[in-house]
Structure formats: structure tokens, C-alpha cells
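S.K.: Residue-level listing of the chains:
There are 2 protein chains.
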Amino acid sequence: MDSSLTPFFRPRGVVVVGASTSPEKLGYGVARNLIASGYQGAIHFVSQKSGELFERPLYTNLSDVPDPVDLAIIIVPTQSTPQTIEDCGKRGIKAAVIVSSGFREVGAQGAALELLCVEVARSHGVRLLGPNCIGTLDTHLPLDTTFLQPPMPEQGGIAFVSHSGAFCAAIIDWARGQGFGFSQIVSLGNQADVNETDMLPEVAKDEHTRVIVLYMESVSDGVHFVQAAREVTKHKPVIALKVGRSESGQKAAASHTGALAGSEVAFDVAFAKAGVFRADTAEQMFDWARALENCPLPRGKNMAILTNAGGPGVIAADSLAMNGLLLAKLNEFTLKALSSYLPPSASVHNPVDMLASASPEAYATCLKILLEDENVNGVMVILPPPPMFKTEEVAEKLIEIISAQAAVLGGGDAALSRGKPVAIALMGSTLVEEARKMFQRSNVPTYPFPERAASALGALAKRAEYLERKQTLKVSETLKVSEPKDNSVEQLLTAYGIQTTPIKLARNADEAAFIANELGFPVVMKIASPDILHKSDVGGVLLNIKDMLSLQNGYAQMMKHIKSLKPDARIEGVHVQRQIPEGQEVIIGAVRDPLFGALMMFGSGGIEVEGLKDVAFALAPLNQAEAREMIRKTWAGRKLKGFRSIPPVDEESVIDVLIKLSCLAYEHPEVEEIEINPLRVLSRGVVAVDVRMKSVV
Amino acid sequence: MDSSLTPFFRPRGVVVVGASTSPEKLGYGVARNLIASGYQGAIHFVSQKSGELFERPLYTNLSDVPDPVDLAIIIVPTQSTPQTIEDCGKRGIKAAVIVSSGFREVGAQGAALELLCVEVARSHGVRLLGPNCIGTLDTHLPLDTTFLQPPMPEQGGIAFVSHSGAFCAAIIDWARGQGFGFSQIVSLGNQADVNETDMLPEVAKDEHTRVIVLYMESVSDGVHFVQAAREVTKHKPVIALKVGRSESGQKAAASHTGALAGSEVAFDVAFAKAGVFRADTAEQMFDWARALENCPLPRGKNMAILTNAGGPGVIAADSLAMNGLLLAKLNEFTLKALSSYLPPSASVHNPVDMLASASPEAYATCLKILLEDENVNGVMVILPPPPMFKTEEVAEKLIEIISAQAAVLGGGDAALSRGKPVAIALMGSTLVEEARKMFQRSNVPTYPFPERAASALGALAKRAEYLERKQTLKVSETLKVSEPKDNSVEQLLTAYGIQTTPIKLARNADEAAFIANELGFPVVMKIASPDILHKSDVGGVLLNIKDMLSLQNGYAQMMKHIKSLKPDARIEGVHVQRQIPEGQEVIIGAVRDPLFGALMMFGSGGIEVEGLKDVAFALAPLNQAEAREMIRKTWAGRKLKGFRSIPPVDEESVIDVLIKLSCLAYEHPEVEEIEINPLRVLSRGVVAVDVRMKSVV
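Chains P and A supply the protein sequences, listed in that same order. One point on numbering: in my numbering, the residue at position 139 of the first sequence is 352, and numbering is uninterrupted. One point on numbering: in my numbering, the residue at position 300 of the second sequence is 513, and numbering is uninterrupted.
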């Protein structure tokens, strides 16, 4: 953790440079919020004109500001910003929020000025947040360095780090209407200095923060982000909304792996490696965050549904399934208890339908019974406005049960403690508003529809599963291998223990015959040309050549065919190798992503890779579990165990090659793309039949 | 259309049978709502005790109620319901809403009573809605036959038909908070008589209804539902939330097609055939409905984004792409107009970012410019609380532009008119609430996030595309074919013009040799056994037999192998057919769904069908466009045109077989499953290599 960022969150004193007495100016808003926030440290204002603001003096010179002062909020004209940073440095201020805009976001001139700011800051040991940001918020300290309309957000356990200031502002107002709060909010702006990777561990340190949400438009340093996030997610959940999917163009690639791995795939696998949950929408991100903030993690995926109406119960059952959850099979004791309590026409099987007449007591009693069932890992309570009671009467009774359960929990590492989450599908609006507030005050998350409650329960189960895996599995360690003496593809693979077939270059038909004789028939013959990447596309592969005559005929035909198709291709001859026994064929590849490093691909090989797209990706280096999961995700992988008349082959050897190739790719940054296609998987062992590689010189 | 349902919507008089003076009784609620709704027809009350309610007499006998009275709302004890229906019939009342519960939903006894109700009703020509429903609502007539807490929903253009009364009630309250209204609401209850298929054309008739949403737990008669819905969607959009996905079990199947076609697939293809849009969640259903209610349909998929902040603009661009929409390429005139109006650091390319300082006038001016660009088919305006202005000031200016555009439209068939929809991503809560109400009053749909606005614009584009297709394509007409003389699979296929290979049964090796000689080598030999469905699984297929010796050896080996694997299988001999030339192989199948009839499947064939799942489904009979779309959806179909070194084959012949097989399946209800696997697709023509069929005796 980087203690140089502490002044942003725990300053002993704050100065606003560019404070203003005009209410329409940002420099007024920042000063107002700083005071209104209730910040307990020293607050000082610097302005061009002396005077008074909020009963405090306006200094005209930063050097006049008395101690202590650790943090500056700078809202001065763009051009004056570097000078102001220098003044801060001289004054001993080690952190500054640059609210001003007009830098990199407006073009080359602004970018140059931004660089100057960073240079000046570095030379004085000042850390910068922004420019072009709306600052920071801490509801618990409290501290508000923004100019947003008051009041501050409610206190809460969600830390929110955002690349977009406008998105921050909109979310703060939206959250107010939804009734949830935040622990800390950080707007990163242009990230001239401090970026998301710096900030993530910093907000994770805050004791009030129980979950971190990231709005990301990019990543500054993918490799370090994954490392930092991986550490954070061991203790606190992180959810990211990564935008800019539609901007990620496809680059020209020399391999199938390269063609299929876009930058969005890279973000997906990087988040997976780091344990960061990727949300599809902003609403989903906060639906998950509110559950992770307030609910214990379940011990399993078996959920009960408690409802007073059939329809929403069916929606709930559907949406549990869509989120990877299961309908708990209630035990006999539970069924008896529910039967004896509920009217005969109620349904005591999950979903438990108490009927429309259900009273507040019925809700509470049934919830208690369900929570006591060891087959139940969590409960979704469906609460539309009850026909005969007020919703808030039901809320009151439910909260008693949920709070009692929460009280029993606690102690030990919060990340590892387990319980039974309860999510409320509080359906309606005006008739449920009071109940919603009551649940909110009691830290019970509510959702307007069962679908969203199910998504939230799904996030809890996913988080629990992630932590289980982290406990039971060792993080991948890279293999120690000797450096290959030569950079040829085969030698490189051999150095990592990946078996290839002996392959020899023949420059003419006679040499091919000689080599074939040496290797022993049957053999395979492939065109050798630096200009032909996809050999079978041009008739450049001849399989199962059984005797000398077939070889000679085949050689002649191949050359003739290729010369007609690719007259300009440089032909070096043919590669000859032994025919390998029958087996299944898969593709294993690696491609270097500019942000995150080597991405691994596994899937259905052959020439149809890009059409069929039966492939899975993960970030190198891989551990056993990650390699196994890639295999499980594809049909090519699932059928390794055999399917119908297809005999099973050696799945473990495939996992072995995946791990080894991931280490190769991880340890050889000069390898841009490497692809084994096909990897022939035999009943015992595997053979890399064809390999192509592209590396930087 | 069924005029017997008219009294539910246009009664001249209504009687509440079971009206009550006790405010906690449903019979009080119904009476109260009927009067409070402002219904203009006659209102009468029947009760066990005489007296007065809401200044109206309580009759003790239905026969005493004066004319006119067309509709009865029945809230009497369950047991008395049949008698009450009979009284209605005798009194000349032709429609009754049965609010009472305690019928089929509580077990066998209740089901019997429900049947009795239907019998009594039929014998008197009375149509029943319910039992166990909450009745109907019409905000425009107005008429409210429910007992729900007042006030009635707002007036609107959305008709809502629901299998669940509780879901109705919750949605009505939720809609109130969201600020949108309804035209009509119908709760169907147990559907003893009137079901969703009856009701759909009825609500479509209402002039105030612009879009219909269905909450469905099942379908009463799938074939009629598709027919009725297909008619309705020609004129008005229909959106369905079909729940109960998780309940649909997989049944045992004799073919790959049968194994892959679950009941959810059947609903998907039935909705597709009927032009009903299937929503994933309740929120999505109403997001779409509000757009379809209020916006013109776009002429294309090119959307512009107008924003005052970069972040939400990026989210918007992403989510347009995820909803099948495109970022419009603004024309030169637009770019110039925007450049000259906006500050230099604004972005005039789509997404158009006016920067945070954007004024209400800037929003309006830029929207107007964008709407005038012929490359722009619709606009998403992103409106977080602007830092320097009130949101409602922006709303006011935007509404002027949008309303002016709307005024230009109009005239002609509403379903066919086109315009430029504008959806607002109104981000925030308290600071945007007033603006939200203003947009609502002006019939401009707003959404809290760009993702949901994009989903709504996507629904508009999808609806426009659906109507285009309906105009340009003829609905499928079934082929006229002669009835096959024999039910054998080959003859059946031949009768529909699907070519199979001549195939002959040989009962021993000698007969096989004789037949092979007759057909000409090379031949294919397949085991003939009623007990072996998947022949290649047991080594029961031998390909490319080139001569007599190979045939005789092959026969002996096959028999030996199968006897060891399947000693109990009845072996009739082998089928011999000519070896067919190389080509691509696909699977084409049909399976009878109990609700909707024949479902067609197309995709990657061979033995890996169920593992690979590269298949698409559609409801028979197929037209050209539907068959082509099935092909386009699968990799097996896309590569028919050729891919890399795979040569192109005869795609048109595949479409031809798909259509013909769909006609066969449609016209032969005795065919439970029929599957051509593989269908060999040659450079010209196709051959059904292997066919299996299961039919009811």
C-alpha cells in the first residue's frame, strides 16, 4: 500500500486554492461542501482577493496558510495550475485534487500542460488526483472535496471509484433516490498521476468499506491492476463496470487465437484472474454491491423462496436458475412445520406460497422456519403490497427475524464468515415506500423485482465460491524451466516439455523420400513457405502417405497446385513428419494482449476455429483449476472424456500442455502469438501436430 | 373477434353480487372502485342483507336489479358461485367476473366446482372471467371492477393481460411510482372459460391501446394463440413475459431434435412466429412497452447519442451495440452545424458530447440538428443533473423539439408510419424527478440508465424490422403435395420431394453382395435393427466399401462386433446404399411440441449434435425467410457458402428441404419426430443420407 495517498483520505488540514465568494463558481461549491460535510480538520481558503468566506479568512498566498495542511483542492485557471502545484510543494502539501479542466481532454496543448503539472508535482513529491475530476468524498470521516449539490450521500459501506465524474454525480443522485449510501467516492479524472490501480488498494483499506465498485473506461497498467485487484479481492469484493466495449477494434492477427482474442476478452479474463466481478449494467453493479455490502455469504447455492402469490414465485424460481442458483429441497421437518402453520391450500414446497392472506406474523414465522432448514442457504422473500395488511407491518416483522439471524453471526474474518442471506423482492412503489426505508435502515437489501433479487443472491453465491476456491487452491506458480538454447518453435516447446513430432525440411522430392524412409511410413507432408500461414487452405497438407510412390506423386501435385494458387509465395520445400495415431484434436494458443500480457485460448481446432468459436480464454499463467475450467467451458474440452462412439482421450495431458504453454507465453514476452493447432490428443499423451508462432525480433 | 366478450369491456350496466358494507371485505372494495372509477353506466349492488351502500340500494335478489345490466362481478362464497352464475344467466347477464377463490387452485374438490361453474355458464350462454382473479380495469372508459386500493392507474396506452392477479397488483403500484399508466388491465385468474388467447384480440381492439403486454405462465391452446397473436401483431406490438422456464423438464426423445427441443424452445419459436417480443424481465417488458407506446418507429438502426458527459456516452454506445443498433455516422452538414454551435473542446462526432456546461438551449439545438440528419434514425439523449442548470429547464427545451417532430408525423396506418424516436436516459433521482414528470406528461419515455434506453430503442427497431418483413414477404403457404401411399420414411420424404438414397435391405452377406453389385460400388452398409437407433455408436456403419471382398469382410466384422455389444438386439440384416459424394453435412429435424405443433431444427449434424448444440429452431411451417434465418443462426449454416478451404455447397437446396420437411411435419400430426442426419449437401443438390422417424400408431 502506498502511504503517499493517505493525505487524500486522512488529511489533518485542507486548503481550497481558488475558493470563491460567488455561489455559481465551483470554488464556492467546494468550500461550501468542505464545511457542510462536517470535516473536523483545519479548513483554509486561498483566493486572488482577500476577504472572508463562511466566516474564514481568504488568504491571497498559499504560504500564509497556517499548519496543519496536507491536502489542496485546486480550482484555478488551467494555465495557473502548474504554478499552484509548485506552491503546494513548497508549502509542504503532499497531495492535491485538481478540479480544473482544460487539459489532456481538450487536445495537444492541454496534454502538454498536464504533463508539466505531473513534472512539477513529481519534483516536489506531490501526488495528484485529476485533473478534470470532481474530487473525493468520505461519508464517515467525514470529508467532501467535491462541488456537487448537497447533501452528501448517506453513509454506507460501498466505495465507488470512477473514471467519469459525470457518472459519479448521476450515481450519487440516483443512489439518494434508491436510498443507499457510500463509504468513499473517488473521481479519477484524467489520471495524470494517481490511477485506478493506485486507488483500489487505498479505498480497500478503509474500515467502513465492505465492497468496492469501479467504473472503468480503460486500465492504466493491466498487469499491475490484476496484481493489485487480486490482493484486494481476497478480503473485499470488487465489482467493475468496464465500458467502451464497442470501441475495441479487432487487430490483424497471424493466428486463430489472435483473431478471436479482442481487448474485451482480455478484460474478461483479467477480471476473472483478479476475482473482480464484471457487471453488465450500472444497475446490476449496484444491485450486487448492496447485497455484498449487507448480506452474509451463503454456504451453498440452494435458495428458498417465500411468497404470498404464485406468479412472482414462478418469476423468482426462473431467475434463481438463470443466476446459477438452485431451488432448495426443504427438509421434512420444515415441510411439517410449514404445513401445520399455513392454511391447507398454501404450498409448503419451495417456492413456499403462503397465499394472499398471509399476515405479517406468517411472513416472519415462515422465514424463521426456512432459515432454520439446513438445506436452505439463503432466502428470497417476495413482498408485493399485501391485500389485507400494510407492507410496513410485514417489513417490521421480517426485520426482527433477519436482524436476530445477523446477531448470531459475526466474529472471525468477515471475508470467510458464512450465513444465510435474505433478499427482499419488494414489488410496488407508493404502497411499499415506507417498508423500503425500514429495510434500508436495517441493512436489508430490497429489489423492485424478483429477477434483480435473484441476481443479487447470485452475486453472493459467486463471491462465496470465489473465496472457497482461493482457500482450497494454490495460486498458480510458474514452472521453472531451462531457457531454450534456440528460439525455433519446436525447441521452445520442447524446453517447456511439450512434445512435438520430429519434423524435417526437405527441399525437393528426393530429400522428402529420404527423410520419409528415415522416419518410417506413414508420413505427413506439409508445404514449407514463409508466405503461407494456413497451409491446408492452399492444399499444402498431405496426410497418411503410405509409400514412396504416393509421396512422390503427392509432392509433385502439391507444388503444382500451390504454384497455381500462390505464384509469388517463396517455397522452401516441404516439412515431413511421421503420421500420428488417431485421436481428438484441439487448439491451444496464446496471444499477447498489450494491457494484460499473455491470454490463453483453448477449444475446437482444425480450420473451423474462427467460424465455430468453440473456444475459451484465460489469463496466463494458468493453474490446474483455471486450465480445467477452460476445458469444461468448451465442447471440444467436454468431449475429451468421450461422447457416444467417440472414445475418451488423455484430458490430463491437455491440462498439462495448457499450463506449460501458459508458462512459456508468460515468460517469453517476445512471443506475440503461439498456437498449437491441432494438438492431437491420444488415448495416452498428446502431440503438437502443427505449431505457428509470431515473435518480435 | 368474439363479440361475446364485449360486455366485459363495454357493459351498459354492472352489478356487484356479494357487495358488502364492511370496508375490510372484497365486496366493499369492488363496489367502492366501481363508483370511484367514474363508470358512466348503471351500477347495482346485490347482497344477502338489504340496506344501502354508497347511496345505492342493496338488492337481496339478482332478479330485482333493473335494466340495463350486462356484467356481473361475483364475490360470493365459493360454494354459492354456480348458483349465482345460473341466476345471472336467467337474468340475461352474459358476462361475469368471478373474483372468489377456492376453486381449481386448492385441489380436486375446487376443480370440480370450477367445472360446474363452466357447465352452468355454458348452458346459459354466460362468459366467465376467473375465478380467482382481480377483474378488469379500463382507465379511459372508465371502469374498475377490481378491489385494489385506489386510485386507479393513470390513463395510458398499455394494455396488460396477466395470468397472475398478484403480479397485476404489484405492477399497478410500481407503475404509479414510475409514472406511467395503462389503457386496460385484465386479470385472467384460473381461466375456467376466457383465456389469454380469447383476450388478446379483444384488448387489441381498444382504440386507446397502443401496445399489449402479457404476463404468461402457460398457454391454453398454443396453435390458436400463435394464430391470434400473429393477427394482432400486424397492427399492435405485443410483448410477453413468459415465466416457468425452470419448470420445463426435458422429456425422453428418440432423436437429437427431440432431445434439444424443450418447451422453452417451443415458446421462443412460437413467439417468433407470432411476432410477439419475449422479454427477459418485467422491467424490460415495461421499458419496451413505454417506448412502443410513445415513440415513432425508426426507419433504420442508426442512432445518435447526445450527452453532456463522456462516461455515460460510452455506456450508451456500448449498450446500443448490445441491442443490435448502430452508431449513426453523422453527415458533413451536421458536423459543421454542431462545430459552429458547440465549444471547440466538445466532441461533434457521435456520441456528441456537448461537455458539462451544456445549456438547455444547447441540448435543444443539438437535438434538432441531429434529428434533421438523414443518417440518424433515432436519438438517445443523456441527461444527468446538469452542473449549472436545472434538469427541468433542459427537459422543457427538449420537449419542445420532440413534440414539434411528433406533430409533423401522423396520418396513415399507425403501424406503418415511421419517425425518429427519442429516448431519454434521465440519470439521477431527486434532482431529475420534476423533469421526469414533465417528460411523462409529454409522452417522452425516460430511463434511469443508458443501458435501459438502448434496450427500448432496440425494441423499436425490432418492431420496425418485423413490420417491414411482414410487408415484403408473403406468409408461408404450405406446399400442396399428394399423400404418400405408404408411411415408410423414405416414401414419406419422397412424397414431399426430399431425395433420399436408394436403400435396400439385405438379410445376409450374399444378399448384400447382390444389392451392392446392382447399385454399383462404392457402397455404404448400415446395420438394420429396430433396437439400434444410433448406428455408428455400435460400429453399425461402414462407409466407402469399394469392392466385393471388403463388403464381405465388413459384413462379418460388423455382425460380430454388434453381437458382442448388443447381444439382445434384433438384427434384420444390413441396409445397403450407394456411397454419396463428399460434401458438407447438416442435420434437419422436426419434433412435435404438445402446445405449438411441429418445431423445426437445423444445424451441425453427425454424432456431436447434442454436445455441440450448434442448432436453431423455428415453428413449422417455414417460409423462405424463416428457413434462411435458421441457417444464418448456425455455424453449420453459415459455412454452406464456403469457408477457407471448405468449398461452398448448395445452400438453396438446404432451404428447400427445410421448407419441405416443415410442411411434412405440419401436415402429418402422427409424425412425432423426424430427423435427417446427416443431410449431405453437395455442390449441387442434397441427399438425405440417414433418416429416422418416430410416429404415433
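Calculated from the structure, these hints are not laboratory results. Careful, some of the hints might be misleading.
In this list, chains with the same sequence are indistinguishable; a pair is considered to hold if it fits within one copy or across any two.
[Unchecked claim] Straight line, CA to CA, 20 Å or less: simulated SDA-like cross-link-like pairs of lysine to any residue:
1. 542 x 560
2. 739 x 715
3. 826 x 846
4. 542 x 276
5. 603 x 701
6. 748 x 861
7. 449 x 278
8. 846 x 655
9. 238 x 570
10. 748 x 651
S.K.: Against each hint, give a clear statement of whether it holds in the structure.
M.R.: Structure-based check of all given hints:
no. : hint      : verdict
1   : 542 x 560 : within (13 Å within a copy, 56 Å between copies)
2   : 739 x 715 : within (13 Å within a copy, 39 Å between copies)
3   : 826 x 846 : both (12 Å within a copy, 13 Å between copies)
4   : 542 x 276 : neither (70 Å within a copy, 53 Å between copies)
5   : 603 x 701 : neither (76 Å within a copy, 66 Å between copies)
6   : 748 x 861 : between (29 Å within a copy, 19 Å between copies)
7   : 449 x 278 : neither (39 Å within a copy, 70 Å between copies)
8   : 846 x 655 : neither (40 Å within a copy, 49 Å between copies)
9   : 238 x 570 : between (57 Å within a copy, 12 Å between copies)
10  : 748 x 651 : neither (68 Å within a copy, 65 Å between copies)
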